[in-house]
Amino acid sequence: MGDALIALGGAFLAAGLFARLGSRVGLPTIPFFMAAGILFGPNTPGIILVENPADLELFAAVGLIMLLFHLGLEFSLRDLIDGGPRLVGAGAIYLALNVGGGFLFGFALGWGLAEALVIAGAVGISSSAIVTKVLIDLERLANPETRLILGIIVVEDIFLALYLALLQPVLGQASGAVESFALVGRAFLFLVVLFSIARFGARFVERLLGSGDDEELLTVVFVGLAVVVAGFAEEIGVSDAIGAFMVGLILAETKQSSLIERLVLPLRDAFAAVFFFVFGLSIDPGSLGPVVVPVAIAVVLTLWLNIAAGIACSRINGLGRRQASNVGFTILGRGEFSLILASLAVAAGLDDRIGPFVALYVLILAIGSPVLASRSKELARLIPARIFPTRGGAKEIST
Amino acid sequence: MSVHEEELPGIGRKFELVVGKGERIDVVIHHSGRRDLYVFERNAEDPSTVLKFTDDQARRLGAVLSGAYFKPAVVEEIEALIGEFALDWITLTEESPATGRSLAELQVRKRTQMSVIAIVRTGATITAPDPDEVLRAGDRLVAVGPQQHFNGFLSFMLG
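Order-wise, the sequence lines are chains H and F.
If you count the first sequence from 1, position 126 lands on 125 in numbering that gives the first Met the number 0, and the numbers rise without skipping.
If you count the second sequence from 1, position 156 lands on 155 in numbering that gives the first Met the number 0, and the numbers rise without skipping.
Hints may be right or wrong, so weigh each one.
[Unchecked claim] Below, in silico cross-link-like pairs of lysine to aspartate or glutamate (EDC-like), each with a Cα-Cα straight-line distance of 20 Å or less:
| # | chain 1 | residue 1 | chain 2 | residue 2 |
| --- | --- | --- | --- | --- |
| 1 | F | LYS13 | H | GLU73 |
| 2 | H | LYS254 | H | GLU73 |
| 3 | H | LYS376 | F | GLU40 |
| 4 | H | LYS254 | H | ASP213 |
| 5 | F | LYS13 | H | ASP136 |
| 6 | H | LYS254 | H | GLU205 |
| 7 | F | LYS13 | F | ASP25 |
| 8 | F | LYS109 | F | GLU132 |
| 9 | F | LYS51 | F | ASP25 |
| 10 | F | LYS13 | H | GLU138 |
| 11 | H | LYS376 | F | ASP45 |
| 12 | F | LYS51 | H | ASP136 |
| 13 | F | LYS13 | H | ASP81 |
| 14 | F | LYS13 | F | ASP54 |
| 15 | H | LYS376 | F | GLU44 |
| 16 | F | LYS20 | F | ASP45 |
| 17 | F | LYS51 | F | GLU15 |
| 18 | H | LYS254 | H | GLU215 |
| 19 | F | LYS51 | H | GLU138 |
Source of the hints: derived by calculation from the structure; they are not laboratory data.
If we strip away everything but chain H, and leave its shape as in the complex, we get:
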């Protein structure tokens, strides 16, 4: 018992103290949580906090559940509708370029189809956490392109949830078409049930949650709901991540939702840190060598696709060159979603190069994106001005 407690406490402490070093210079926490896992894990010399990553598996699973639960809770169709077709269009362009490009790249690696699908998601979907942090830290909340960036992020969040649901049957050990159809059918049925509860059962769920007056009891009950539905989803082959997301979606419809949103934050922050730390534990620095070249290509590809998406999204929203540069370099951040996809791939026993590949990729872009975004004004000059109609060009000269 003592060992396990020291391992868990050490994980929290190592992740927290390590990430503080990064946050001193304005870097996001996620890559540091993961790096702490790599450094204090069984694969590197020096202090080994956790001998066997499986000891912390349950806590890491709770972290994943809390991340997806919170995502579901924050999910708002209204945000999307209010944004209008241009925002949705921008999100679609971004995803088509990045997930599409990621899939072609993953397929070209020749690691397999399931691997290519995981890489497509990991390379194609930005980190909401890092993008939001960059916007706040660089004081860009009042910029004209910020709403565009946040709109793309919302579209990406929705896409991630759908992608996780579709990916599950591919990741599961379905042998043959019949079995995978049965899996997809069962998953679909489960989602239909949960969607109907979200749509029609808000009253019932509200009663189950109790009045919002007692924050203690509310917390205990919503944590129980999130974890038990996630577990049930996992049992029937839908994945705990989707189960947790759906519970979030259901609770978002209740009158207690804003209170839950506030109460879940400290839980999410603590356990998500363990999730990233545990992912780091599974990474052997020695295994990073063979993936350096694929990662380098993926990073360059992502850079190009993000700039291209930044230009396209800015143009359809009537913004100029500088805004395009801000969009491209801000939305470049990769983090929690890439790591969630990688951890699912590792759990499903896919090609064992996926873990190290995504770890190194996230490490580079999670740290690179804030640095590049802070220089996006200068970097904008690398984009040819003639791509933009004169209005954008004229704006550029006046500054």
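Given chain H, put chain F in place with the hints provided.
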């Protein structure tokens, strides 16, 4: 002056105000309660100033701007005379430990080094209150004393 409002998904809401000769003030209200104030000069793409407020600070600033934040006349008169001392006031609530007790009973001067020089009460302002005056919820106590003791006074009276 026009106010344009929009949602910032995942962050909060933004209010855009165009003032004066085209200067723009953007206020961002975070879900966490934090407020940011972005000030843009005319036609500028980058803000010239960004100010960050906690929920409490933002409310005070709002009260000042709306003209609701004012000093009782009695405070202004005394303030002009004392200069280097702290002069501030607190408002008692039903829950404040001091409510329902007298200044003598509380031993305010001995315990906090601050002197209550006036009680502003609806209907009557009591300057140089009698030590046996029983304090009521809603009373505004004007106190004077060394600056460093004001916080102690605040927690002593309001809990």
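Now the hints, each set against the structure:
{"no.": "1", "hint": "F/LYS13 with H/GLU73", "in the structure": "holds (18 Å)"}
{"no.": "2", "hint": "H/LYS254 with H/GLU73", "in the structure": "holds (14 Å)"}
{"no.": "3", "hint": "H/LYS376 with F/GLU40", "in the structure": "holds (18 Å)"}
{"no.": "4", "hint": "H/LYS254 with H/ASP213", "in the structure": "holds (14 Å)"}
{"no.": "5", "hint": "F/LYS13 with H/ASP136", "in the structure": "holds (16 Å)"}
{"no.": "6", "hint": "H/LYS254 with H/GLU205", "in the structure": "holds (7 Å)"}
{"no.": "7", "hint": "F/LYS13 with F/ASP25", "in the structure": "holds (7 Å)"}
{"no.": "8", "hint": "F/LYS109 with F/GLU132", "in the structure": "holds (17 Å)"}
{"no.": "9", "hint": "F/LYS51 with F/ASP25", "in the structure": "holds (12 Å)"}
{"no.": "10", "hint": "F/LYS13 with H/GLU138", "in the structure": "holds (13 Å)"}
{"no.": "11", "hint": "H/LYS376 with F/ASP45", "in the structure": "holds (11 Å)"}
{"no.": "12", "hint": "F/LYS51 with H/ASP136", "in the structure": "holds (12 Å)"}
{"no.": "13", "hint": "F/LYS13 with H/ASP81", "in the structure": "holds (14 Å)"}
{"no.": "14", "hint": "F/LYS13 with F/ASP54", "in the structure": "holds (15 Å)"}
{"no.": "15", "hint": "H/LYS376 with F/GLU44", "in the structure": "holds (11 Å)"}
{"no.": "16", "hint": "F/LYS20 with F/ASP45", "in the structure": "holds (17 Å)"}
{"no.": "17", "hint": "F/LYS51 with F/GLU15", "in the structure": "holds (16 Å)"}
{"no.": "18", "hint": "H/LYS254 with H/GLU215", "in the structure": "holds (17 Å)"}
{"no.": "19", "hint": "F/LYS51 with H/GLU138", "in the structure": "holds (10 Å)"}
Every hint, counting from the list given before, is met by this structure.
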